[in-house]
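*Asks:* Sequence:
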Amino acid sequence: MGLIRDIDSLEPVTRAAATKAVEELKAKGISFLVNETLRLRVTQYLYYLQGRAALDVVNLLRQDAGFWPLTASENQKQVTQTLKSKHIDGKALDIAPTKNGQVWWDAPAEVWQAIADIMKSHGFEWGGDWKEFKDSPHYQLKE
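Going by the working numbering, the sequence shown runs without a break in its numbering and finishes at 144.
Derived by calculation from the structure, the hints in this document are not laboratory data.
The C-beta atom is built at its ideal place from N, Cα and C for all residues, glycine as well.
Treat the hints with care, since some could be wrong.
To be verified - Estimated spans, in silico, between C-beta atoms of each pair:
no. : residue 1 : residue 2 : range
1   : Q82       : I31       : 22 to 32 Å
2   : A17       : V58       : 20 to 30 Å
3   : E144      : Q64       : 30 to 40 Å
4   : A54       : W106      : 35 to 45 Å
5   : D65       : F134      : 38 to 48 Å
6   : L62       : A28       : 33 to 43 Å
7   : N36       : L84       : 18 to 28 Å
8   : K29       : D57       : 25 to 35 Å
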């Protein structure tokens, strides 16, 4: 199973906006990775369990779904607040900056902001702007 990263897996309106945004990111020389697009319900459930269930339970379910195991410290952090992500409907994607070919999770705020500014100019809402639970890689079309 694993992660789905293909922009073509998104629903048509989101796909069109994401394609234009990604083309602009590339044109501006911003290094990034589309980390996830369409998400299966089981994957969302796995993300929801992280930080809420015991490590052995989380890792058993992750293994069954074809995901890598988490460390104890990784399982301390909740990564989502919902079971109803817009990823499930193909209406969201996660994009992260890269450096030297690797995801750059601790990139400076201005690097994340550069990506967000372009995504937002194409009609996306940025999870990094959320007040309650920041999700810097997350983008979904504004409703």
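*Asks:* If a hint holds in the structure, say so; if it doesn't, say that too.
*Replies:* Verification of the hints:
1. At about 28 Å, the beta-carbon gap between Q82 and I31 stays in the expected band of 22 to 32 Å.
2. At roughly 39 Å, the beta carbons of A17 and V58 sit outside the given window of 20 to 30 Å.
3. Take E144 and Q64: their Cβ atoms lie about 36 Å apart, and the range 30 to 40 Å holds.
4. A hinted range of 35 to 45 Å is violated for the C-beta pair A54 and W106, which are about 23 Å apart.
5. A hinted range of 38 to 48 Å is violated for the C-beta pair D65 and F134, which are about 27 Å apart.
6. Distance hint check for L62 and A28: the Cβ-Cβ separation is about 40 Å, which falls inside the suggested range of 33 to 43 Å.
7. One distance hint, 18 to 28 Å for the beta-carbon pair N36 and L84, holds here, with the actual separation near 20 Å.
8. With their beta carbons about 44 Å apart, K29 and D57 fall outside the hinted range of 25 to 35 Å.
Figure legend: structure checked against the earlier numbered hints; hints not met, in rising order: 2, 4, 5 and 8.
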